[in-house]
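One letter stands for each residue in the lines below.
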Amino acid sequence: MAEAALQTSLEYAVKTMNVSKEYVMGKQTLMALKGVSVEIRVGEYISIMGPSGSGKSTLFNMIGGLDKPSGGKVFIDEVDVSGLDAYELAWLRCRKIGYIFQTFNLIPVMTALENCTLPMIFAGMSTQDAMDKGAELLGLVGLGDRLRHKPLELSGGQQQRVAIARSFANDPTIILADEPTGNLDLKTGKEIIELLRKLNKEKNVTIISATHDLKMLDVSDRIIWIRDGLVDKIENRAEVDIDIGSLEGEEA
Amino acid sequence: MTAEVKTRAGIKRQIRLPNREAFKIALRSVRIRIWRSFITMAGIVLTIAFFSSVLTSNVAAQALQPSGTQAIADTAGNRATQLWLVAISLLVCAVGITNAMLMSVTERYREIGTMKCLGALDWFVVKLFLIEAGVLGLTGSILGAALGFLFSLLAWMAQYEHVFTSMPWRAVFIRLAMAVAVGSALSVIGAIYPARRAGKMPPADAMRTEV
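Going down the list, the sequences are from chains R and B.
For any residue, its number in my numbering is found by taking its place in the first sequence, counting from 1, and adding 547.
For any residue, its number in my numbering is found by taking its place in the second sequence, counting from 1, and adding 47.
Derived from the structure by calculation, the hints contain no laboratory data.
Honestly, I wouldn't trust all of these hints.
With a straight-line Cα cutoff of 30 Å, these simulated DSS-like cross-link-like pairs (lysine-lysine) come out [claimed, not checked]:
1) R:K748 with B:K247
2) R:K643 with B:K247
3) R:K615 with B:K174
This is chain R alone, in the form it adopts within the complex:
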């Protein structure tokens, strides 16, 4: 009801308008982004590609509300990020964006369940409600029997599943995934991608990932290529011809 109304009014999950970013390093000024305009619709599965040093990470951080642009505007869920103060940015990161990292980044001292509940506790949910929802989310990613395990007692794939469950804690609009399969083997990486795609469809959440993984590109709706701080091209999945079998070898 309310959510349906929201989706029709908020067409774009993320919109950047001529975004630029410069880093001052001593006397030199490095232009990491030179005016990037992209529009990402609600519910899309987007991959951002580009060689290292292309400005890919910078753009990714802008979209995730982790960094502010030097020029241009970034709208996350229709809100201009540059106008927000520290408290509002924290609120945005807590409620609107879920983060998934290449290195999983679970808090080592906490169990799987506690890791999932942390964003909800920040958001002011009661501990009991947070525990219930955390257990439900962990069940959703297939770890219903691992609630009390510490990150070190879990495999890489399981840790990433916990991280995915955590990213969905406050029902975000956007999931930001930084090389989510970068530290995983082929098979596990594929499972993680399938899980993300499934959640993307079920919850109509926008997934934006920076990746080199061709399996990831295969499920993306659109692929944004960044080169030298500019958008090189934006391709729809249908236009891209990726043959995973021949590129990565057959899996047994």
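Assemble the complex: chain R is given as a structure, and chain B must be docked to it using the hints.
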């Protein structure tokens, strides 16, 4: 400008970290690095042991020694040296804490960045590190005060008779409590700079793959 933005999409500022949760997280951070914590704590234990033995032996000596003549000559000469030693040891202890906490902050950049990505405010991180330092400081100071008192007691027992009956217990305990308070405060003060540095870490640091 910000007001317009806020009303438009319902951006709010409410982000919380209840004290109970903060304590839970900080206590576990101490426990998971228990050996490191012990080493950090060792400095506090030794300093406070020295501090508390100096404090208590002054009151005890006055009460225990039968006639004052010799004691007064003793303390007058020693007082300045003692004070100097105590001040130096407390300073060294605080610097030690700052150093250990700075290392800890550098080591945990990813954990801190992740917390900030999940919506933690700067002062959440500051609070966590200060609680951690407070817990280490309190535990270390209690151990140190106990240790210092125990050694002084042994020394007095070797020197005087009727130690347990003629000891001014009240005064001794007040001084031990003072030593514990100073130790805990010192630990928290030493952690202020590292904690603030941790709080200022950008959330994007969570994505760094190299140290």
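Going down the list of hints, with the structure as the test:
no.	hint	result
1	R:K748 with B:K247	37 Å, violated
2	R:K643 with B:K247	22 Å, holds
3	R:K615 with B:K174	26 Å, holds
Figure legend: structure checked against the earlier numbered hints; the only hint not met is number 1.
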